[in-house]
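Visitor: The lines below spell out each chain.
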Amino acid sequence: MSPSATESVAILMPSRFDRETVPALLQEVRRGIHEGQHRICLDLREVESFDSAGMALVVGALRAAREAGLQIEIQGVQDSVYDFFSLVSVERLLEEPQALPRPGFIEGLGGLALPLAEGSQKGAILIGRSMWGWVLSPFRGQKLRLGKIAEEIFQAGNGAMFIVALIGFLLGLILAMQAWVQLKIFGADIFVADMVAVGVTREIGPLMTGVLVAARSGSSIAARLGTMVINEEVDALEQMGIHPNRYLVAPKVLGLAMATPCLTLVFCTMAILGGWLFGVTTVGLDAMAYIEQTHQALRTADILAAVIKGATFGALIAAVACSLGLGVRGGPEGVGRATTRAVVTSIFLIILVDAFFVLFVKLGA
Amino acid sequence: MFFRRTRSIPEEYLQNIGAHDDLLRALFVMTQFDGRTVLDGVDLAIRRGEIFVILGPSGCGKTTLLHHMAGMLPPTMGSIQIDGKDIYGIPPAELDELRTHMGFSFQHGALLNSMSVLDNICLPLREATQLPEMLIRDIGRIKLDMVGLIHAQDLEPSDLSGGMRKRAAIARAIAMDPDLVFFDEPSAGLDPITAAEIDNLILKLKTVFGITMVVVTHDIPSAFTIADHMILLLDGQQLAKGSPEEILSSKDPRVVNFIGRTMPLADPAKVDILNYVAGVDSRLPEPRGANS
Ligand SMILES: Nc1ncnc2c1ncn2[C@@H]1O[C@H](COP(=O)(O)OP(=O)(O)OP(=O)(O)O)[C@@H](O)[C@H]1O
Ligand SMILES: [Mg+2]
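Taken in order, these protein sequences are the chains called A and B. In this text, residue positions in the first sequence follow the working numbering: the first is 1, and each later residue adds one. In this text, residue positions in the second sequence follow the working numbering: the first is 1, and each later residue adds one.
If you're looking for bench data, these hints aren't it; they were derived computationally from the structure. This one's a predicted model, so the numbers in the text were calculated from it and none came from an experiment. Glycine is no exception: its CB is placed at the ideal position from the N, C-alpha and C atoms. Among these hints, one or two may not hold up.
To be verified - No more than 25 Å apart at the CA atoms, straight line, and that leaves these computed lysine to any residue pairs for SDA-like:
| hint | chain 1 | residue 1 | chain 2 | residue 2 |
| --- | --- | --- | --- | --- |
| 1 | B | Lys204 | B | Asp228 |
| 2 | B | Lys206 | A | Lys362 |
| 3 | B | Lys204 | A | Asp79 |
| 4 | A | Lys362 | A | Leu277 |
| 5 | B | Lys206 | A | Arg45 |
To be verified - Taking CB as the label site, the calculated pair distances span:
| hint | chain 1 | residue 1 | chain 2 | residue 2 | range |
| --- | --- | --- | --- | --- | --- |
| 6 | A | Leu94 | B | Pro221 | 45 to 55 Å |
| 7 | A | Val280 | B | Ser114 | 29 to 39 Å |
| 8 | A | Glu73 | B | Asn113 | 40 to 50 Å |
Same shape as in the complex, but just chain A (with noise of 0.2 Å):
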């Protein structure tokens, strides 16, 4: 091969110079750019038609050879592909901008803890400033919504009565089974319906029902101010003085308050319920005395601890929602990621506020 021969490599490109024959030619320009030394020539001469495919291989083929230092000719261009380049720059094409750079591991551990962080300190000053506004409304000659409030007391008590109710009974019937297991080694089988009752009212009921609220009530809030803030919504009842804080959020966070509770005491009574038919079925106690028993183990202070700790996991799950669906930015992906996140984040801020309840007890006894 003389010397000449690998210095210039010319490819000439069919009449057809489409989608068909361009990922064949592709090969045989890198191959061209690979073997060249200096120069490459394109030569279009013979092309008829083409389409997008064969001007992007011609970019393709400016790039390659800029990157490879070659000079690169192109031959026989005619009006059409001229008329064509006419809409582009070609400039512009052969500058690929950087890539961004993806997250470390440790970045990413960081990235999974930082939003509970986040979510649980915009929740608890969301409600701090949505309670204040409501307080405040009537002072400012605003309406209190308590309309608003009996609705969404209604959307999220009465849609979840059921699924609450039935786990609640079946709870119970586990739980009694499993005291049972323990406790009929001591001959104490009555006492499965102090275990029952007393478990339920003071932490699985409440625990629970917060974990079912949050999953149903708050992935729907999050979702749905969300799409508000998407589509401008949230941006608009600002503009017209309407603020989201007493407007959206705190009939979210009262209706909550109250319908969690109300959840909660179905849940226990459930409970009680199924452990009362284990009891009366399988173990075989006096349906009256496993009533006799209940009524004595349960104290005011436990229900009424189960009415606090619903109300205030109801709170917390609508602040958390809200907070999360306010915040979203960047489309339904974010609708998502807020909706992801305020079942998440809510559900780690009950069992973290349940603990201290629970130290709170202890220390106080």
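Use these hints to put chain B with the ligands onto chain A, whose structure you have.
Guide: For chain B with the ligands alone, kept in the frame of chain A given last:
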């Protein structure tokens, strides 16, 4: 109701509406939504390689007509033919194949929010062709540069302005080098310079690629710049059809009114009363007859 699937169109009728070597025909198109008639007897014929403009006021059924023509929504009555075939009478697989030769730029962009702008443009290429990734990226970038959006290639659709979203939608519509492209108000909401660039792009697409284009628009100057033929719709009825010159020379007052964009003259009675109320005029206007 479904006669359009079986009855063939009489040849004289086609001659009458000027249908010869047409790429697309809409025949007796009638559309109802919940019993409300939105389109009422629209006929049109679009020739290969031309730019066909659909003009009309807001809510007159332009988008609906475009959806019919693009194979997205069968009309209640009437038929849409592409290359002489009723597109709602052919098997779904054939319609899908036909769709790969059509592009559609939606009125509000309709970009997929889960991916970057460039990925939106590349999506049809990745899904429907065997091209290597490197070429697909370059094709996507070429299309984005055509609409002046190459600097925004890595942005998410939610980070684009309304006009940018619209231009990205145009880029996606032409990603596959379609033979037939539908534009739903490509330049509405754009500044005059960008709007003129879009007009220019549409004209270039016609001359360079010979693409047939159907453009819905409100913008009358733009319509007369780009159109080879146009149809003027009013309340779902065709008011006028023909070349821009024919439309301009129309004597129909409704056409003249729409094209001239003249506001309906202010009712003198109302003006007089306003003047009286505002204290500009001290005389109370004389009551007029109800019919005057
Ligand atoms: N899916 C639908 N269901 C019911 N009515 C509809 C539907 N789509 C459109 N319409 C009605 O059909 C009419 C025409 O709508 P279309 O979107 O075609 O108008 P348009 O001419 O594109 O208006 P614009 O210029 O504002 O986009 C409107 O009155 C609208 O309410
Ligand atoms: Mg429309």
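Visitor: Are the hints correct? Go through all of them and say.
Guide: Going down the list of hints, with the structure as the test:
1. B/Lys204 to B/Asp228: It holds: about 14 Å lies between the C-alpha atoms, which stays within 25 Å.
2. B/Lys206 to A/Lys362: Judged against 25 Å, a Cα distance of about 81 Å means the pair is violated.
3. B/Lys204 to A/Asp79: Status holds; Cα separation ~13 Å.
4. A/Lys362 to A/Leu277: violated, 32 Å
5. B/Lys206 to A/Arg45: Measuring from Cα to Cα gives roughly 23 Å; hence the hint holds.
6. A/Leu94 to B/Pro221: 45 to 55 Å: violated, 36 Å
7. A/Val280 to B/Ser114: 29 to 39 Å: violated, 54 Å
8. A/Glu73 to B/Asn113: 40 to 50 Å: holds, 43 Å
In this structure, the earlier hints numbered 2, 4, 6, 7 are contradicted, and the remaining ones agree with it.
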